[in-house]
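A.B. asks: Here's the letter readout for the chains.
There are 2 protein chains.
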Amino acid sequence: MYQFINNGSITSTKGFKAAGIFCGIKKKKKDLAVIYSKAPCTAAASFTMNKVKAAPLLLSKKTIEESEKIQAIVVNSGNANACTGEQGITDAEEMQQFCASGLNINNENVLVSSTGVIGQLLPMDKLRIGIPAAISSLTSNGGFDAAEAIMTTDKKIKSFALQLKLPAGLITIGAICKGSGMIAPNMATMLAFLSTDAIIETSLLKKLFMETVNNTFNKISIDGETSTNDMAVILANGLSGISIQEDSVEEKIFSIALNAICREMAKSIVSDGEGATKLVTVNVRNAKSKIDADLIGKSIANSALVKTAITGADANWGRIMSAAGQSGADFEPAKVSISFNDFYILRPNYSLSLDEKVASQILSSKEFEINIDLGEGSEETTWWTCDLTEEYVRINSDYRS
Amino acid sequence: MYQFINNGSITSTKGFKAAGIFCGIKKKKKDLAVIYSKAPCTAAASFTMNKVKAAPLLLSKKTIEESEKIQAIVVNSGNANACTGEQGITDAEEMQQFCASGLNINNENVLVSSTGVIGQLLPMDKLRIGIPAAISSLTSNGGFDAAEAIMTTDKKIKSFALQLKLPAGLITIGAICKGSGMIAPNMATMLAFLSTDAIIETSLLKKLFMETVNNTFNKISIDGETSTNDMAVILANGLSGISIQEDSVEEKIFSIALNAICREMAKSIVSDGEGATKLVTVNVRNAKSKIDADLIGKSIANSALVKTAITGADANWGRIMSAAGQSGADFEPAKVSISFNDFYILRPNYSLSLDEKVASQILSSKEFEINIDLGEGSEETTWWTCDLTEEYVRINSDYRS
Numbered sequence: 022m023y024q025f026i027n028n029g030s031i032t033s034t035k036g037f038k039a040a041g042i043f044c045g046i047k048k049k050k051k052d053l054a055v056i057y058s059k060a061p062c063t064a065a066a067s068f069t070m071n072k073v074k075a076a077p078l079l080l081s082k083k084t085i086e087e088s089e090k091i092q093a094i095v096v097n098s099g100n101a102n103a104c105t106g107e108q109g110i111t112d113a114e115e116m117q118q119f120c121a122s123g124l125n126i127n128n129e130n131v132l133v134s135s136t137g138v139i140g141q142l143l144p145m146d147k148l149r150i151g152i153p154a155a156i157s158s159l160t161s162n163g164g165f166d167a168a169e170a171i172m173t174t175d176k177k178i179k180s181f182a183l184q185l186k187l188p189a190g191l192i193t194i195g196a197i198c199k200g201s202g203m204i205a206p207n208m209a210t211m212l213a214f215l216s217t218d219a220i221i222e223t224s225l226l227k228k229l230f231m232e233t234v235n236n237t238f239n240k241i242s243i244d245g246e247t248s249t250n251d252m253a254v255i256l257a258n259g260l261s262g263i264s265i266q267e268d269s270v271e272e273k274i275f276s277i278a279l280n281a282i283c284r285e286m287a288k289s290i291v292s293d294g295e296g297a298t299k300l301v302t303v304n305v306r307n308a309k310s311k312i313d314a315d316l317i318g319k320s321i322a323n324s325a326l327v328k329t330a331i332t333g334a335d336a337n338w339g340r341i342m343s344a345a346g347q348s349g350a351d352f353e354p355a356k357v358s359i360s361f362n363d364f365y366i367l368r369p370n371y372s373l374s375l376d377e378k379v380a381s382q383i384l385s386s387k388e389f390e391i392n393i394d395l396g397e398g399s400e401e402t403t404w405w406t407c408d409l410t411e412e413y414v415r416i417n418s419d420y421r422s
Numbered sequence: 022m023y024q025f026i027n028n029g030s031i032t033s034t035k036g037f038k039a040a041g042i043f044c045g046i047k048k049k050k051k052d053l054a055v056i057y058s059k060a061p062c063t064a065a066a067s068f069t070m071n072k073v074k075a076a077p078l079l080l081s082k083k084t085i086e087e088s089e090k091i092q093a094i095v096v097n098s099g100n101a102n103a104c105t106g107e108q109g110i111t112d113a114e115e116m117q118q119f120c121a122s123g124l125n126i127n128n129e130n131v132l133v134s135s136t137g138v139i140g141q142l143l144p145m146d147k148l149r150i151g152i153p154a155a156i157s158s159l160t161s162n163g164g165f166d167a168a169e170a171i172m173t174t175d176k177k178i179k180s181f182a183l184q185l186k187l188p189a190g191l192i193t194i195g196a197i198c199k200g201s202g203m204i205a206p207n208m209a210t211m212l213a214f215l216s217t218d219a220i221i222e223t224s225l226l227k228k229l230f231m232e233t234v235n236n237t238f239n240k241i242s243i244d245g246e247t248s249t250n251d252m253a254v255i256l257a258n259g260l261s262g263i264s265i266q267e268d269s270v271e272e273k274i275f276s277i278a279l280n281a282i283c284r285e286m287a288k289s290i291v292s293d294g295e296g297a298t299k300l301v302t303v304n305v306r307n308a309k310s311k312i313d314a315d316l317i318g319k320s321i322a323n324s325a326l327v328k329t330a331i332t333g334a335d336a337n338w339g340r341i342m343s344a345a346g347q348s349g350a351d352f353e354p355a356k357v358s359i360s361f362n363d364f365y366i367l368r369p370n371y372s373l374s375l376d377e378k379v380a381s382q383i384l385s386s387k388e389f390e391i392n393i394d395l396g397e398g399s400e401e402t403t404w405w406t407c408d409l410t411e412e413y414v415r416i417n418s419d420y421r422s
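Residue numbers (the numbering used here), protein chains in the order written: chain A, 22 to 422; chain B, 22 to 422.
Since the list can't tell identical chains apart, any single copy or any two copies may satisfy a pair.
With a cut-off of at most 25 Å between alpha-carbon atoms, the simulated DMTMM-like pairs for lysine to aspartate or glutamate come out as follows:
(1) 387 x 412
(2) 309 x 353
(3) 82 x 351
(4) 90 x 272
(5) 72 x 232
(6) 90 x 267
(7) 176 x 411
(8) 387 x 411
(9) 83 x 353
(10) 82 x 353
(11) 356 x 114
(12) 72 x 397
(13) 309 x 351
(14) 288 x 363
(15) 378 x 419
If you are wondering where the hints come from, they were derived from the structure by calculation, not from laboratory data.
With the sequences and hints as input, model every part of the structure.
C.D. replies: Structure follows, in structure tokens:
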């Protein structure tokens with residue numbers, strides 16, 4: 022149905038170019054990316070729910086709501102342009118203008134994104150030189166450079182692409198993203214940019230992208246925090262010549278593939294979380310409602326006690342039960358069963374089959390599943406989380422220098 | 022109006038006796054307490070909101086709902102009797118019976134409480150010997166022994182008492198409590214027990230106690246977790262001969278004093294939080310509504326990023342803003358000002374007066390205030406939190422041995 026491409030990126034998609042350069046916002050590392058499609062794109066985007074929204078988000082939200090098409094995204098790292106007042110808005114608008122004029126397109130076809138330190142004005146002198154420089158280095162294999170240029174505390178470059186085989190031919194979805202480990206107002210943010218060459222109307226693209234974001238990026242937890250700058254965008258330039266229609270088989274396949282690439286991106290963000298050493302999939306099963314399932318998934322994924330137990334490879338099912346219990350979801354504790362991968366440590370009526378050795382072995386691995394079955398209904402969900410380590414505390418308590 | 026008593030305890034109150042002994046649930050330390058009033062008491066209690074409620078809570082909740090008067094509380098540490106199914110209920114009932122018959126009172130006059138490891142059955146053989154032994158060592162200065170016997174990971178004994186001067190004479194409120202640092206299903210829980218010799222009807226006592234619990238114990242955060250065993254109880258035996266009537270001056274004074282002692286208890290729990298080195302008071306001011314104020318207070322008090330910034334004495338106001346922004350409260354970010362004690366780091370319109378040196382000095386102290394003024398309305402609230410340290414992670418990721 023779909024296949025991931027080795028070393029794929031946002032520029033694996035037909036008609037997309039990208040660049041990532043150093044323009045002087047950071048001390049040494051790449052800090053400015055431009056993503057460009059040779060054809061105008063339908064687009065969909067999801068923005069942070071945080072009440073404190075950075076200037077580029079406010080501008081991009083307005084742009085995407087008012088524009089028919091998007092053709093480019095300009096992104097800087099090292100400075101979030103958040104809590105910067107009126108000047109912040111002016112600066113974001115200037116980034117948009119510089120990018121548009123460099124690409125010879127209209128302002129309303131350009132989205133702007135920033136990540137980095139909060140509360141400081143952008144060094145516009147550097148961006149005025151940097152943006153044209155980035156545009157002049159746009160290439161059709163620049164995805165990795167762009168992925169590198171949007172990193173903050175990320176250790177790994179996050180770049181993906183996959184191809185869908187449809188009767189009418191091939192469609193590509195490419196993507197880059199950056200984690201966080203957390204939102205750190207002075208450091209990080211979650212950003213995700215996707216490209217596709219499918220022909221897909223804005224309304225359908227929005228519907229599919231929102232569903233996917235809810236099932237992937239909105240179900241990961243590093244430390245339960247939401248950044249002022251979080252943003253996910255998909256651009257569809259139609260250059261494959263293949264159309265995705267509502268309620269078609271193609272829509273189904275496209276949706277599954279979109280979920281798959283976003284799930285990989287979300288997991289890559291969690292496993293590269295600050296201080297994280299383990300990637301944990303939390304499956305909630307047989308809940309009364311979707312809402313209950315998600316309340317429990319979120320509570321377990323966010324629990325400092327569950328996350329420190331994972332750090333210690335401690336098969337502490339009591340912490341998982343307690344996290345579920347404080348979630349607000351409706352369930353009967355005595356009906357719950359809990360397993361790590363396929364190994365059950367708790368069955369209904371508090372019947373324990375705890376073999377600490379087996380459980381601890383599973384919890385010592387780099388990647389495993391926590392499954393909680395509520396025995397109440399048939400709704401389910403999946404969340405992803407990581408361990409909470411001393412390294413997380415060290416990174417985040419370091420005095421800014 | 023009121024005065025704290027040096028070395029006060031739950032037995033500072035007329036007619037109250039207590040005992041704390043070792044009965045063998047823990048390895049060495051005291052693990053069983055009995056609190057007793059020579060006169061039957063009106064009572065009010067608050068129980069955990071966690072859906073997973075330990076057996077003693079279920080029993081005590083039922084008992085206090087159905088009984089006219091309470092005269093004793095039996096509490097063990099080292100085992101939470103939580104997630105123990107039917108046998109857990111039977112065991113809690115047997116604790117109640119043993120305590121009642123030893124004191125020659127009815128079962129329905131006894132509350133039961135437990136804290137410690139989850140998912141293990143109580144060692145009833147030890148409690149059958151221990152409860153009569155504790156009863157035989159009840160004394161009118163046994164408050165400290167009882168306070169010690171309810172400890173789990175607490176480093177300090179938590180015991181308080183104060184006296185109110187009323188025109189009609191003196192009323193005492195005494196108390197013991199235990200923290201947590203967190204709820205740890207295999208370790209800790211928040212328990213608070215209070216005594217008073219005021220004459221006060223159940224309905225009024227309930228009203229005042231619930232208000233107080235909401236303003237104190239429900240506004241502290243170590244790690245945002247709620248235990249399966251959390252419980253706060255107040256017993257009023259009337260032996261002062263002084264009556265507190267609804268809508269009287271006495272009610273006002275009693276309510277203020279009750280708040281004061283619970284606030285001290287709540288603060289003692291936070292400052293003895295696991296790995297905590299700092300006690301931070303979070304004042305939210307000029308919110309549109311009480312609900313908004315509390316959403317913001319809670320979000321800041323719970324934020325891993327704010328708490329690690331406090332650990333590093335990092336004047337990272339961006340993290341405070343971001344925590345407020347993700348709280349769900351309604352406010353305009355540009356109107357916010359933030360101060361540490363009296364030192365403003367942020368004024369409206371993102372005007373910064375950040376002197377890192379002064380700010381860092383304040384954040385390096387053992388106790389300070391974070392004040393966030395929303396400039397929206399006139400509602401306010403206070404929360405208490407602590408820093409998040411590597412020690413917290415160490416304690417909670419240690420493999421249970």
